[in-house]
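Read top to bottom, the protein sequences are chains A and B.
Quick note on the working numbering: the first sequence kicks off at 1 and runs consecutively.
Quick note on the working numbering: the second sequence kicks off at 1 and runs consecutively.
Worth double-checking, as some hints may not be accurate.
Any copy will do: because identical chains look the same in the list, a pair fits if it lies in one copy or spans two.
Subject to a maximum C-alpha distance of 25 Å in a straight line, what follows is the list of computed DSS-like cross-link-like pairs (lysine-lysine) [as the list claims (entries may be wrong)]:
| no. | residue 1 | residue 2 |
| --- | --- | --- |
| 1 | Lys-8 | Lys-131 |
| 2 | Lys-8 | Lys-239 |
| 3 | Lys-143 | Lys-281 |
| 4 | Lys-341 | Lys-172 |
| 5 | Lys-341 | Lys-139 |
| 6 | Lys-23 | Lys-98 |
| 7 | Lys-341 | Lys-116 |
| 8 | Lys-36 | Lys-285 |
Hints are computed from structural coordinates only; laboratory data are not their basis.
2 protein chains.
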Amino acid sequence: MPESLDLKFMSECLNLARKAEGKTLPNPMVGSVLVKNNKIISRGYHKKSGSPHAEAEAINNAGRNAKGAILYVNLEPCSSYGKTPPCVDAIIRSGIKKVVVAVKDPNPKHNGRGLKILSRHGIEVKCGVMKEQACELNKVFLKNVTEKMPYVTLKVACSLDGRLADFGGESKWITDHDARMFSHSRIRSNTDAILVGINTVLKDDPLLSVRYGRLKTSNPIKVVLDSSLKVSLNSGILKGPGRTIIVSSEKCSNRAKAKTLANKGVKIIALPSKSGFFNIKDLLKILYSQGIYRLLVEGGGSVISSFIDAKAADYIYIFTANMILGGDYLVYNGRGFRLSKPVKVINREVKIFKNSVLISGDLSYV
Amino acid sequence: MPESLDLKFMSECLNLARKAEGKTLPNPMVGSVLVKNNKIISRGYHKKSGSPHAEAEAINNAGRNAKGAILYVNLEPCSSYGKTPPCVDAIIRSGIKKVVVAVKDPNPKHNGRGLKILSRHGIEVKCGVMKEQACELNKVFLKNVTEKMPYVTLKVACSLDGRLADFGGESKWITDHDARMFSHSRIRSNTDAILVGINTVLKDDPLLSVRYGRLKTSNPIKVVLDSSLKVSLNSGILKGPGRTIIVSSEKCSNRAKAKTLANKGVKIIALPSKSGFFNIKDLLKILYSQGIYRLLVEGGGSVISSFIDAKAADYIYIFTANMILGGDYLVYNGRGFRLSKPVKVINREVKIFKNSVLISGDLSYV
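This is chain A alone, in the form it adopts within the complex (with noise of 0.2 Å):
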C-alpha cells in the first residue's frame, strides 16, 4: 500500500472519529474504515459511551465482505471486555488480513497488546500512521488515561500589557462582545467543568455557565477554590444550570457553613492547604475522580499562575484587548521563568477580534 494511501484512509478515520467531538468521553474519538483494491468499502465511528467501537462498527456495516479487507483505525483496537466485548476477537473472526493504526493504546496495561495479538494470528500489522494528528485529536483521552488528571485549559482576557482588571479590580469588560461569544459557544461549551479562586467569585460573583452558543452536553461543573469557606450563599454559582462543588481546606472549621452549603446541593471537598493553596496534581486527581475530564480554568491571576507553576495546565487561550491597563491584577504573577527555559506557547494559533486578539496554544514546560 503506497503511503499516500495510508494518509488518505487515516485522514478519513480521523474525520469519522471527529463526528462524535465532546461526546465520546471518557472513551477517545475513533474512527475506522476498511479497505479493499484501494477503495473503502465501509466505515465506522465510535458514537458516545457505550456506543460500538469504531472497528466493530466498520466491520459489521461490510459483512461478510470485509474478509480480505484491511482495516485502518486511529487508535489501536482494543483486546479486554469493558462495555462492548475486544475488537480484536472481531478482526480474527471477519478475516481481514492487515490492521493500520495511528497510535498504540496509551493504557500501560494494553499498549501495543492488541497488536501482538493480532499479530500472533498472522495478521499484517502496521501502526504510526499519522501519529501526530491522532495524538492531537485525542489529547484529552491520552492526558486522562496516562495522568489520571483532567486535560486542563486556561482562559485569560487581558490588557496589552497583561492585566486581567484596572487597579480597581475592575475587568467588566476587558474584551468586547464577539470575544465573549466565541469564549462561551468555543471555549465554555467544550468542557466538562469550569474552576475559578474565590476572589474572582467574591469580587465578578460570575455564573459560570454557557450563555451562548449550543452545549454538547450538560452545562459544565462549577468548581470554586475556597480554602476558608468566604462564598456567599447568594453567589451566582449556587444558582442556574450545573453542579457546583467546593474545594475547601481540611482545616477549615466552618462547619455549618458547610452544611448549609452541602443542604444546597453543593459538593463540598476538603483537601489539605498550605497558606490558602492546594496541590494542584493532587486537586486534579481528585476532579477526574469526579467525572471531570476537561478542565477549564478562567481566573484570577493567583489560581492561573498555580497551576502554571504546577504545570499542571495543558493549553491557554488568551484574549489581548487592545488597550494599556497597569495595576496590580496580572495575568501571571507566579515564581516567573528564565527567557532561556520559558513557559512556551507552541502550535499557537492566533484570530483577530475587533477590540481583540486571541493567541492560544499548547503550554510546554522546561
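With chain A fixed as given, assemble chain B onto it according to the hints.
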C-alpha cells in the same frame, strides 16, 4: 464634479505624496493633480524640503493648459514665502478655476488663509475631501506643526504576560529573528531618533543602529535619558553611526564626565529633573528643536511608562512573544488607568510572526 471623481483624484494626490515618504520632513508629503474634462492633465509632488511644492510642479507641468482646470491637492496651498514662492500666487496666475483640498494648513497662522485668498480671486474652493486619510498620511507633520514636538512611537517586545525581560533582566531575545528584522527595516529605519533610558544602556548595551533594511535618510540619532551621567565611555551607543544625545539632570555635578563625553562628540542636554525623571513634554520640545521630528522610544519599562503617563506617545508597536515569563520587568508600570478610561490602541493592525504577534496602532487617551 461627482463625489466619486473627487475621491479618485484626491487618492491620486495621496499616492503621489506618498512617493516621498520619509524624505520631506520638516515639510509635509503633498501630491497634486490638474484635471480637465474629468481627466488628469498633469501631476506633481513635493520631493524634499527646498524642492518645488506639489501644486507648483503640477501647474508647471501643465503649462498654459492649466487655464480652466481643477487643481486637487491634499494640503491647503501656501500663501506666504518660505523656501519657495507662495503657491496661491501661481494658482491665481495660471487661470485655474477650482481648487479641491483635503485638509487646511495646520499652522494656526496660515490655517484657511490660502483658501480665502483664492476665493477672493473668484476661484471656487472645496475643502475636506478624504480629510481623514490625508491627516493619517501627514500625522507626523501635523503633530510637529501644532505641538512643536516630535511624533512619538513606542516599540516594545514582551511576553504574553507583559514582561520585557525575565526576572533576572535577560531580554535577548524575547522575539524571533523575523520580528527583529521587521523592527529594524520598518520601524527603526523610519525615525529621526531612538530614545532609551540609562538602565537599558547599562543592562543591554544596545547599538541603536539600523542593521537590517535600507535607511531612508541618515542613521537615527541615539538619545539616552541619563540624569546622573552613569553611561560608560565604552557603551555601544557611543560607537557606530549616528549622533548621540545624552539628556542629563541640571543638578548633575559630574562636569568632568560631561566634558569627556562632549569631547567624544556627544551632545549633552541638561534639563530639570525630579527623582531622576524628566518632564516628558519639555523633553520633547527640546528634542524637536534639535531637528527630531519622529522619535522612537524603545524602553525600558519605566521610560515607556513615563511617556504613556504623560500622554505623550502617539503610536505603539507591541511584539507579543509566544511565552510566559513572570518577574518584575513589566512593559507598563505607571500609575494605571480605570477600565472605563484606559489608554486605547485604535486603528489597530495585527501582523503574525512565527514566534510573536505584532499589535500596533494609535494611542488614544481619555
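Should Lys-143 paired with Lys-281 be assigned to within, between, both, or neither, using CA atoms and 25 Å as the limit?
The answer is within: 13 Å in one copy meets 25 Å, while 55 Å across copies does not.
Using 25 Å as the alpha carbon limit, work out where Lys-8 and Lys-131 are close: within a copy, between copies, both or neither.
within (14 Å within a copy, 56 Å between copies)
With 25 Å as the alpha-carbon cut-off, assign the pair Lys-23 and Lys-98 to within, between, both or neither.
Intra 29 Å, inter 70 Å, cutoff 25 Å: neither.
Intra- versus inter-subunit Cα pairing at 25 Å for Lys-341 with Lys-116:
Cα proximity of Lys-341 and Lys-116: none, with 40 Å in one copy and 66 Å across.
When no copy is specified for Lys-36 and Lys-285, does a C-alpha distance of 25 Å or less occur within a copy, between copies, both, or neither?
neither (45 Å within a copy, 80 Å between copies)
Between the shortest in-copy and the shortest cross-copy C-alpha distance, which are at most 25 Å for Lys-341 and Lys-139: within, between, both, or neither?
within (24 Å within a copy, 41 Å between copies)
Give the relationship of Lys-341 and Lys-172 under a CA distance limit of 25 Å: within one copy only, between copies only, both, or neither.
For Lys-341 and Lys-172, only the inter-copy Cα distance (13 Å) is at most 25 Å; the intra-copy one is 34 Å.
Up to 25 Å between alpha-carbons, please classify Lys-8 paired with Lys-239: within, between, both or neither.
neither (49 Å within a copy, 60 Å between copies)
The earlier numbered hints that this structure contradicts are 2, 6, 7, 8.
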